[in-house]
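Chains as they are written, first to last, in my numbering: chain A, -18 to 239; chain B, 28 to 80.
Be aware that one or more of the hints could be misleading.
Said to hold, decoys possible - Each pair of labels, with its calculated beta carbon distance range:
{"#": "1", "chain 1": "A", "residue 1": "A115", "chain 2": "B", "residue 2": "I29", "range": "17 to 25 Å"}
{"#": "2", "chain 1": "A", "residue 1": "A3", "chain 2": "B", "residue 2": "W56", "range": "39 to 47 Å"}
{"#": "3", "chain 1": "A", "residue 1": "I110", "chain 2": "B", "residue 2": "A39", "range": "42 to 50 Å"}
{"#": "4", "chain 1": "B", "residue 1": "I29", "chain 2": "A", "residue 2": "D203", "range": "14 to 22 Å"}
{"#": "5", "chain 1": "A", "residue 1": "I174", "chain 2": "B", "residue 2": "W56", "range": "31 to 39 Å"}
{"#": "6", "chain 1": "B", "residue 1": "F74", "chain 2": "A", "residue 2": "S38", "range": "27 to 35 Å"}
To be clear, the hints were calculated from the coordinates, so they are not data collected in a lab.
Note that CB positions come from ideal geometry on N, CA and C, so glycine has one too.
These are the residues of each chain, in order.
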Amino acid sequence: MAALSARLTWDLTKRDFSERFAGSILGAVWAFIWPLVNLFIYIVIFGQFMGGRLPGSSDVYAYSIYLSVGLIPWTCFAASISRSATVFLDKKPIISKVDVSLPSLLVFINLSETITFIITSAFLFAFLIATDYAFSLKLLLFPFIFYLQQILAFGLGLLSATLTVFLRDLKEVVGIILQLWFWFTPIVYVTNILPDKVKSVLVFSPTFIITESYHRIFVFNDYPVVSSLVILTAIAHFILFASYALFRALEKDVRDFL
Amino acid sequence: MIQALFLIVWTALFVMIAYISWKEIVKHWKVYLMMAYNWLYLTGIFFFYPKFH
């Protein structure tokens, strides 16, 4: 069963990519064009044409980098959760025919979104090299913070996927929560512009800690706040643990409902 | 340099232990065990990495 699930997960990931661009002349090339266009919008439109500047920095590209290192991981995080919310319903034909491990269906979504993230990040790094960006060893933490982010996305995705089977309205609620969550995370704006009261609440948001960590290592050449990251690691794993325990308790009902 | 070495050794240790204890996903408690390993792995990185600079 395990091997089957691993193989199925990989097949689903490949199919997810091929289906997305099925019938188009350029095919998989679109998987590279989309991230490139998105990065162009973040860097050229927002950073240059709209004249976005980072307070306290004279670097003309500082805001473009600030925006990109917040938006690229967020896009992956939000897409992983929103697509996971309906995965059991979307893959109903497979679930009813094959004895597949249901959480492995979420793995394919996370893998697929991670591949898109890696492609976009590769373009971002090419941009950084082209603009003589000063790379430091702090950037080695980038994949690990992203890994933590995706663990959180997996835990929340599994919770949403399990509950959406019983309550279909949840997929809309997930979309609204993600939209609000985006604007309550300092991705397009800097934290300093927020009122103190809002700031004192937002520091407890997981995405606030994650985004701030990206900003610190990429823009401010500093280490993330260790205590925040360690606490967030514990919280993300607790959410994953609780979601999996809930899923195990409801698995039979989930399969019956489907 | 020592920072990069720490990441490589810590990751190799995690992969080795995880592979040995999770060759086949047959028992569900192994999933919880993997979560605990993973938690220790990431906590170790975030806690120790800045100390090596």
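To see whether the hints hold, each was checked on the structure:
1. A/A115 x B/I29: 17 to 25 Å: Taking Cβ atoms as reference, A/A115 and B/I29 lie about 20 Å apart, which means the hint holds.
2. A/A3 x B/W56: 39 to 47 Å: The hint (39 to 47 Å, Cβ to Cβ) holds, given that A/A3 and B/W56 are roughly 41 Å apart.
3. A/I110 x B/A39: 42 to 50 Å: Between A/I110 and B/A39, where Cβ atoms are some 28 Å apart, the hint is violated.
4. B/I29 x A/D203: 14 to 22 Å: At 19 Å between Cβs, range holds.
5. A/I174 x B/W56: 31 to 39 Å: Roughly 48 Å apart at Cβ, these two residues miss the hinted range, so it is violated.
6. B/F74 x A/S38: 27 to 35 Å: Taking Cβ atoms as reference, B/F74 and A/S38 lie about 30 Å apart, which means the hint holds.
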